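Undergrad: What follows is the residue order along each chain.
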Amino acid sequence: MSDRLSRLTRRRVLRMAGIGLAGGSLISLINACAPAGPTPATSAPAVPVAAPTPAPQAAQPTQAAPAQAKASSTTSITVVQAADVPNLDPSRNNVIHVFNVADNVLDTPTYLDRTLKVRPRLATSWTAKDETTWEVIFRTGVKFHDGTTFDTSAVKANFEYQSASDAPSRSFFTNWANIDIVDATTVMVKTKTPEPFFPNVLSRLWILSPADLKNPAVFGSTMNGTGPFKLTEFTQGQQITITANGDYWGGAPKVGSVIFKAAPEASARTAMLQAGQADVVVNLPVEQAKQIESSGQLRLAAVPGLRAVPLMIDERTGAPFTDLRVRQAMNYAVDKDAIIKNILGGYAQQQPATISPLIEGNAPDVKPYVYDPEKARQLLSEAGYASGFEIDFHHPTGRWMKDAEAAQAIAQMLGKVGIRANLLTAEYSTFFGTWSKGDYHGMTMIGVTNPDGAPNSLFNLFLYSKGSWPFSWTDAKLDTLIERARSTMDQTARGAAYRELEQYVHDNAPWVFLWEQKDLYGINKSLKWEPSSNEIMHYWDATY
Amino acid sequence: MLTYLAGRLISAAVTLMVVSVVVFVVAHLTGDPVRLLLPVEASTQEVDRVRQQLGLDEPLPIQYLRFAAHAVQGDLGNSLRYRQPALEVILGRVPATAALAVAAMTIALAIAIPTGIVSAVGRGGILDRLARGLSLLGQALPAYWLGIMLIIVFAVWLRWLPAAGAGSPAHLILPAITLGLWPTARISRVLRASLLESLNGDYVRTARAKGLSESRVVLRHALANALLPAVTVVGLSFGIVFGGAIITETVFAWPGVGRLLLDAVSQRDYPLVQAIVLTFAVVFLLINLVVDLLYGVLDPRVRLA
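First to last, the protein sequences are chains A and B.
Quick note: the first sequence, position 105, residue 104 per numbering that gives the first Met the number 0, numbers continuous.
Quick note: the second sequence, position 241, residue 240 per numbering that gives the first Met the number 0, numbers continuous.
Note that these hints are calculated values from the structure, not bench results.
Mixed in with the good hints, there may be bad ones.
A short, non-exhaustive set of chain A residues, derived as facing chain B with CB atoms under 7 angstroms [to be verified]:
id : residue
1  : Thr231
2  : Gln235
3  : Gln276
4  : Ser380
Just a sample of chain A residues kept apart from chain B, beta carbon distances all over 10 angstroms, derived [said to hold, decoys possible]:
id : residue
5  : Ser164
6  : Thr184
7  : Lys189
8  : Met271
9  : Val365
10 : Gly383
11 : Ser435
12 : Glu534
Quantities reported herein were computed from a predicted structural model and do not represent experimental measurements.
All C-beta atoms, glycine included, are put in the ideal place defined by N, C-alpha and C.
Can you build the whole structure from these sequences, using the hints too?
TA: Quick look at the structure:
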């Protein structure tokens with residue numbers, strides 16, 4: 000009898016466990032599948048207003064695509080980025096996928112258009128009153144999404160917030176001494192040293208509602224700016240929805256909403272585009288770019304970007320890098336054309352020196368080193384390295400376009416002139432952490448950019464001996480040229496100074512100059528929208 | 000029973016401590032989060048300042064002790080990227096991972112139990128060989144390959160299901176199949192082996208001698224006993240599926256804890272990495288404990304002391 004009872008108990012336990020498991024599964028399924036955040040309110044169709052739109056460069060019209068290639072609806076754009084947005088505050092999250100959301104919800108005083116020209120946004124004009132004083136005049140009649148009125152007190156408050164000690168964004172404003180409010184539309188900005196690229200820096204100052212600034216913790220769920228879109232949904236790890244601001248001072252956007260999603264796996268991003276579940280996907284690998292290029296349904300945008308990928312030579316390594324002939328020989332030894340064509344799928348262009356051809360300061364007369372292994376051998380021989388030498392070559396994998404494959408090809412090419420490069424590969428986070436501490440010697444493949452579209456960052460960081468980076472090139476003449484170029488307020492004189500600087504950098508070869516990679520986007524063919532060269536996506540003028 | 004439970008809990012606490020030391024040391028040895036947090040343009044002084052703010056300038060043992068002291072009070076620190084308590088970030092992602100794990104295990108059980116039975120009953124036959132072949136395939140196929148193949152076929156070619164992401168029950172299907180295939184193969188093999196053993200038992204011969212139908216002999220008598228070892232495998236598989244969904248979640252952009260872990264590792268978000276690994280360890284230990292306790296309930300011959 001007792002045995003029977005105990006068996007009954009076991010059965011009951013099993014039955015209860017079964018019911019519990021089934022119930023639990025159902026609850027979990029319902030929880031996980033239900034939208035976690037509020038459903039985005041669909042905004043009314045965009046109403047054109049008289050004010051000029053902030054983006055005068057209309058997207059290039061493209062041929063209309065078959066209906067099945069288009070995702071969701073004609074009033075919504077689904078953008079799939081490569082990484083999640085962990086927190087919406089762009090001043091505390093120094094990553095491009097956060098900027099892409101923020102730059103559509105928040106206005107900045109200026110912005111860089113698709114060709115990286117500085118354009119007015121919240122500011123209507125900016126004037127250098129003297130070498131270290133800039134007057135900036137802002138729009139009137141602008142409202143934040145929370146209903147409060149925008150004025151210059153918001154500009155000052157945001158400057159203080161974004162240059163606070165815990166804000167990564169402060170590095171853009173380290174040369175700003177202070178902001179004085181003249182009246183509701185005018186501020187005076189004092190800089191510590193002359194700053195000719197002040198208008199570019201203004202494009203990095205996001206203007207949030209002062210009410211948000213008083214409670215930064217709310218950025219997880221809300222973000223009020225004056226921008227063309229309003230944030231309506233932020234479901235961490237899943238999606239962010241921004242909807243058109245019908246009252247935007249620059250005219251309402253042409254699409255009703257933009258939905259940002261994230262898929263870390265590139266093939267999943269491409270599949271979402273192919274399946275019509277995405278309208279724009281970013282960071283395409285070369286193979287998938289080719290696949291999209293050859294499909295009739297989708298469009299590939301290969302945009303010349305600001306990201307250059309050189310080999311930086313560590314001066315602290317000493318000989319043989321102290322000899323100019325060795326550095327030049329390395330530049331002659333690498334067949335950049337062959338790598339761009341055969342490994343990078345043609346999605347890059349040769350880098351002649353430091354400044355991208357897309358931004359002010361570039362020197363069109365400075366040409367890339369040509370591939371000439373014979374000359375490289377001769378220079379090495381003259382420098383006393385006829386039998387070559389051995390050197391460490393650090394590079395990451397999976398960070399920049401075909402980085403590891405390109406590094407192997409470079410090592411082989413260097414090998415042909417006698418330079419035996421020890422390839423040292425690392426996952427990017429480890430690579431960057433080690434390199435930035437100055438623990439790598441020899442040479443390092445590194446992708447660098449001038450994020451504000453001004454030419455100074457790279458010089459200040461890596462080629463200016465008195466700069467802020469833990470290690471840098473040391474050359475007194477180079478220091479003088481950099482100091483002169485970056486503080487010349489007159490544009491013509493500045494252009495000449497940068498050209499001289501670029502020629503000097505090219506001839507002295509502190510880097511092995513390689514290429515500037517293109518940014519690869521897959522786009523729904525019926526969407527009329529073009530990406531920008533600084534990797535930040537603006538959707539206010541996008542349309543179907 | 001209570002003594003057993005107390006012993007298990009103490010050993011679980013020790014395991015957790017060891018896990019926390021290992022994950023802390025490994026995470027801190029792999030790189031510096033501060034440089035990744037700041038823009039490239041940040042000066043050495045700024046890097047040092049932030050390192051100091053985050054307490055990363057102190058010796059590693061001191062950092063660990065501070066972490067451990069907070070952890071026992073349930074405070075696993077703030078995520079560097081999310082700028083909110085790490086545990087809060089994880090708990091926000093647990094439902095998605097749990098749903099995926101439960102769906103994957105449901106698929107696994109629905110396939111593994113019938114195939115295990117068919118294989119054992121028709122041992123050596125064509126169905127057995129087919130089932131064993133499929134089971135081998137299931138254990139051999141890497142999740143990232145299978146996932147991408149499923150996406151290409153069902154999302155891109157047929158357009159039946161969403162390619163990736165979350166937001167509707169349909170989004171769950173492909174990742175659940177991908178994640179469920181491995182435990183399907185494992186459970187099916189174990190069930191087949193234990194059912195074969197049961198079918199050779201004396202009580203099965205007796206049942207057959209009594210004239211019971213073959214289906215009753217197999218399902219009622221042999222299977223009831225054969226399920227016991229399978230319970231262990233199901234429990235362990237559940238733990239592995241819960242913690243091992245990293246690849247599946249990444250391929251399908253599923254907003255679960257696995258994908259969060261991958262992001263946290265690549266961004267050197269130490270507090271988040273530590274908190275996730277500890278959460279996984281707790282889940283795994285709990286499942287193990289439940290399986291062991293369940294074993295005692297299911298099989299009267301097992302007595303826990």
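Undergrad: Far enough from chain B: is every CB of that chain over 10 angstroms from the CB of Thr184 of chain A?
TA: Holds, because the least Cβ-Cβ distance between Thr184 of chain A and chain B comes to about 30 angstroms, which exceeds 10 angstroms.
Undergrad: Going by Cβ atoms, does Ser435 of chain A stay more than 10 angstroms from chain B at every point?
TA: violated (4 angstroms)
Undergrad: Taking 7 angstroms as the limit, does the beta-carbon of Gln276 of chain A come near enough to a beta-carbon in chain B?
TA: holds (6 angstroms)
Undergrad: Test the statement that Met271 of chain A is away from the interface with chain B: the closest C-beta pair must be farther apart than 10 angstroms.
TA: With a cut-off of 10 angstroms, Met271 of chain A comes too close to chain B, as the shortest Cβ separation is near 5 angstroms.
Undergrad: Beyond 10 angstroms from chain B, beta-carbon-wise, is Glu534 of chain A?
TA: holds (14 angstroms)
Undergrad: Can we confirm that no CB of chain B comes within 10 angstroms of the CB of Gly383 of chain A?
TA: holds (35 angstroms)
Undergrad: Taking C-beta pairs only, is Val365 of chain A more than 10 angstroms away from all of chain B?
TA: holds (24 angstroms)
Undergrad: Over 10 angstroms from every CB of chain B: does Lys189 of chain A meet that, or does the non-interface label fail?
TA: Label holds. Min Cβ-Cβ 21 angstroms, cutoff 10 angstroms.
Undergrad: For Ser164 of chain A, which was marked as not at the interface, is the minimum beta-carbon distance to chain B over 10 angstroms?
TA: violated (7 angstroms)
Undergrad: Taking 7 angstroms as the limit, does the beta-carbon of Ser380 of chain A come near enough to a beta-carbon in chain B?
TA: violated (37 angstroms)
Undergrad: Let me know if the C-beta of Gln235 of chain A comes in closer than 7 angstroms to any C-beta of chain B, holds or violated.
TA: holds (6 angstroms)
Undergrad: Is the shortest C-beta separation between Thr231 of chain A and chain B less than 7 angstroms?
TA: violated (15 angstroms)
The structure fails hints 1, 4, 5, 8, 11 (numbered hints given earlier, in ascending order).
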